[in-house]
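Chains as they are written, first to last, in this note's numbering: chain A, 1 to 500; chain B, 1 to 318.
Just so you know, these hints were derived from the structure itself, not from any lab.
One should not assume that every hint holds.
[Stated by the list, open to error] Residues from chain B shown here face chain A by an in silico Cβ test under 8 Å; the list is partial:
id, residue
1, G92
2, R141
3, V187
4, H190
5, Y193
6, A194
7, S197
8, N198
9, A201
10, F203
11, G206
12, V207
13, P208
14, Q245
15, G267
The beta-carbon is built from N, C-alpha and C at its ideal position, and this holds for glycine as well.
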Amino acid sequence: MTKLKLSGVSKAYGATMALRHGDLEIEAGEVHVLIGANGSGKSTLCKIVAGSVRPDRGTVLIDDRPVTVSGPRAAKALGIGIFYQELSLAEHRSVAENILMPDLPRKGRLFVNREALAETAGRYIALFAQVAGEDLTADTPVGRLRADQRQLVEIMKALASKAPVLIFDEPTSALDRAQVDRFFEILRGLRNEGRSIVFISHRMDEIFAIGDRVTVIRDGETIGTTTIADTSPAAVIRMMVGEQEGLAVPQDAPPASATGGGTALSVAHLSGQGFSDVSFTVARGEILGLGGLHGQGQSALLRALFGAPPAHSGAVTLAGAALRTENPRSAITSGLAYVSGDRGRDGVITGRPILENVTPVHALRNRLMLASPGRLAAGALPALKALNTKFAGLSHPISSLSGGNQQKIVIARWLIDRPDVLLLDDPTKGIDLSAKADLFALIRKLAEDGLAIILYSSEDAELLNNADRILVFNGGSVRRELAGAERTRYNLYHAAYEAA
Amino acid sequence: MSQALSFLRNPLVVALALIVALLVLGNALSPGFASGQQILRLLIVAALLGIVAAGQNLVILGGREGIDLSVGGVVSLSAIVAGNAMNGLDAGIPAAILACVATGAFFGLLNGLGVTLLRIPPLVMTLGMLGVLQGLLVVIRQGVPSGRAAPALSEFVTRPFLLGLPGIIWLWIAIGLLMAFILNRTVLGHRIYAIGSNEHAAFMAGVPVRRMRVLLFVLSGVFSAIAGFCLLGYSGSSFANVGEQYMLASIIAVVLGGTPLSGGKGGYTGTMAGAVLLVILQSILTTINIEESGRQMVFGATLLLLMLFYGRGRGLRA
Numbered sequence: 001m002t003k004l005k006l007s008g009v010s011k012a013y014g015a016t017m018a019l020r021h022g023d024l025e026i027e028a029g030e031v032h033v034l035i036g037a038n039g040s041g042k043s044t045l046c047k048i049v050a051g052s053v054r055p056d057r058g059t060v061l062i063d064d065r066p067v068t069v070s071g072p073r074a075a076k077a078l079g080i081g082i083f084y085q086e087l088s089l090a091e092h093r094s095v096a097e098n099i100l101m102p103d104l105p106r107k108g109r110l111f112v113n114r115e116a117l118a119e120t121a122g123r124y125i126a127l128f129a130q131v132a133g134e135d136l137t138a139d140t141p142v143g144r145l146r147a148d149q150r151q152l153v154e155i156m157k158a159l160a161s162k163a164p165v166l167i168f169d170e171p172t173s174a175l176d177r178a179q180v181d182r183f184f185e186i187l188r189g190l191r192n193e194g195r196s197i198v199f200i201s202h203r204m205d206e207i208f209a210i211g212d213r214v215t216v217i218r219d220g221e222t223i224g225t226t227t228i229a230d231t232s233p234a235a236v237i238r239m240m241v242g243e244q245e246g247l248a249v250p251q252d253a254p255p256a257s258a259t260g261g262g263t264a265l266s267v268a269h270l271s272g273q274g275f276s277d278v279s280f281t282v283a284r285g286e287i288l289g290l291g292g293l294h295g296q297g298q299s300a301l302l303r304a305l306f307g308a309p310p311a312h313s314g315a316v317t318l319a320g321a322a323l324r325t326e327n328p329r330s331a332i333t334s335g336l337a338y339v340s341g342d343r344g345r346d347g348v349i350t351g352r353p354i355l356e357n358v359t360p361v362h363a364l365r366n367r368l369m370l371a372s373p374g375r376l377a378a379g380a381l382p383a384l385k386a387l388n389t390k391f392a393g394l395s396h397p398i399s400s401l402s403g404g405n406q407q408k409i410v411i412a413r414w415l416i417d418r419p420d421v422l423l424l425d426d427p428t429k430g431i432d433l434s435a436k437a438d439l440f441a442l443i444r445k446l447a448e449d450g451l452a453i454i455l456y457s458s459e460d461a462e463l464l465n466n467a468d469r470i471l472v473f474n475g476g477s478v479r480r481e482l483a484g485a486e487r488t489r490y491n492l493y494h495a496a497y498e499a500a
Numbered sequence: 001m002s003q004a005l006s007f008l009r010n011p012l013v014v015a016l017a018l019i020v021a022l023l024v025l026g027n028a029l030s031p032g033f034a035s036g037q038q039i040l041r042l043l044i045v046a047a048l049l050g051i052v053a054a055g056q057n058l059v060i061l062g063g064r065e066g067i068d069l070s071v072g073g074v075v076s077l078s079a080i081v082a083g084n085a086m087n088g089l090d091a092g093i094p095a096a097i098l099a100c101v102a103t104g105a106f107f108g109l110l111n112g113l114g115v116t117l118l119r120i121p122p123l124v125m126t127l128g129m130l131g132v133l134q135g136l137l138v139v140i141r142q143g144v145p146s147g148r149a150a151p152a153l154s155e156f157v158t159r160p161f162l163l164g165l166p167g168i169i170w171l172w173i174a175i176g177l178l179m180a181f182i183l184n185r186t187v188l189g190h191r192i193y194a195i196g197s198n199e200h201a202a203f204m205a206g207v208p209v210r211r212m213r214v215l216l217f218v219l220s221g222v223f224s225a226i227a228g229f230c231l232l233g234y235s236g237s238s239f240a241n242v243g244e245q246y247m248l249a250s251i252i253a254v255v256l257g258g259t260p261l262s263g264g265k266g267g268y269t270g271t272m273a274g275a276v277l278l279v280i281l282q283s284i285l286t287t288i289n290i291e292e293s294g295r296q297m298v299f300g301a302t303l304l305l306l307m308l309f310y311g312r313g314r315g316l317r318a
């Protein structure tokens, strides 16, 4: 019997189609795996079920009746419970209160029933008693728990909703093996009770351990659903990759400049917040790609190289000399440059003129005291021109420009004085196609001029088309290096999803 | 608002128009209000406020809830320090200047370190510092004469020096030019605006954010100290809490001049106009026999009104 059915749902954010055509059918009494690459639309699909996003088109059926999920409260009333990937716990409240937060037991109308709270919460905590650690008790404030314990509390909270449909969006990322095994036992129990479970994970072994069926989403469209027993990790990855020829045809050999330039930067056993024991080298003239799913340590590594914040341990060598970056300022004076895709947070100096947005790094590297507009403009204009930046005048505020041109201004900031190593942290996020093309043409040219470039992109096509080598990240460390003809979408996903 | 009237949105234009309007109003209420001599006296008072507001302006421009509530305490303390250092003698002036600047820089440094290293919000840090200074003033005043201004200092503040204007007006003009130069034509100025409008982006572009913030508080202390020094010349002898009125007034002058409390934009030229405007307003209130308590109420209400008008700028911050 079909419990939940979505057909032809779509959602656009402005000009971006987040979800083109989403179909999903969940039976009662199954664990249904949802899988898709970065930006394929699976999060949007989940948000539509959860009621936090309203679809532009398409229908949602629960028990064969059309419903409108108008918000999170409506989703709850319709019997949909969700585990949120971004933890939604109240730090200063107890474990018990957090587990039962959506529906605290009451005494009369006003007061919390403490006994019932402790008793009910205790039942959920007992489910994980063997694996959660002794310090996870009903009274412990959530703020004192470890990351894995918090994730367990979040799981308990979803279980406590007793909803017939449960959605788990990456529930196991912080859990250890024993905790995952226990969680899966509980999930199987729920399935046997007839509950419907949607399970999102990026770990192929987990998907094949717990799933009954799998639905693959690619580029905002549902590609197909198959029974787990009838498929293999390789076949699932092939469905995710699709027939996207032309997008990912690696050049037979990296350009000559990529091999003969000598080592620019070498990193040995670097560990920091979000990544551990990463080692690699990048040559002058080379574009080294960092691939894998979102948030597997790629950005954290780039930021650590730039000193924001610095790595905890390990060694970095720049042009033969040990490099110690304490903050961005020391990284810049050592010859590093860092372009962030989050220009609102890391890049744009809001409300200030274009000139002041292009020149801070130039002023620092040349130890300038005076900001003579003529002299600064002489430095800025060639860099802006190289990026085909469109602007009316250097004194206009940066906010008068389009997103793509704002990002070009921020990138130009780093190119007035040539750095030795350019760190690109998803630099094309939210900019239009022609700006992307301009940017990648420039990046290749910079590499040919002898710069060492490290590129992280959340768009696999950008990596496959532009990087000479790709390090695939998973869980904070490098799982595989793809070079030459190995640089295919299939291999990229294979390593990213740890298909054994 | 139509294109032709868009200049009305420029706070500087608004402030200048209000200055003229208030002078006309004052002259109507009390003939002679807008006489040359009277305007000169207003300008001297405005210069004292304007010098304090220069430091306040810098701290506010630097953003992150930047504000200096301790300016009044520094003004008072510095006036006492100066009075005791010169004790009515011209020869003591250089030492008095040094002592004042050191005093201002010291308390500004404490503010800056508290805000950056200890991460105490500026509002709390500088309010606490104001409490410390006020206590210190009480201790110092007990039994000790508070000192007298040297004749040359009084002359500098009150007597015409060049083109009929006293030295303090010229000092204020020089500070205005210096501030405009620093804010618009130096890397330091660009960095002040950068940390005020997007601190994190400034940090990622290599701006030493903490050091900058400490520097802004130090400068604020120094400007307040200079104002306290000049204030001694204006009043002849120093008495405790002579600087008390400057806290609220300096903030209002900055906001009136078009620098929002969220920082990152604005400048000192507007603040200068704001200071003049505020002094005229105060004078009108005195003319129509409103007591000090009433004037404070009007000032407080003015600041709240300004927040209503310019408050929307805050929401525009990314």
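(request) Check each numbered hint from earlier against the structure, then list the numbers of those it violates in ascending order. (result) Hint check: 1, 2, 14, 15 fail, others pass.
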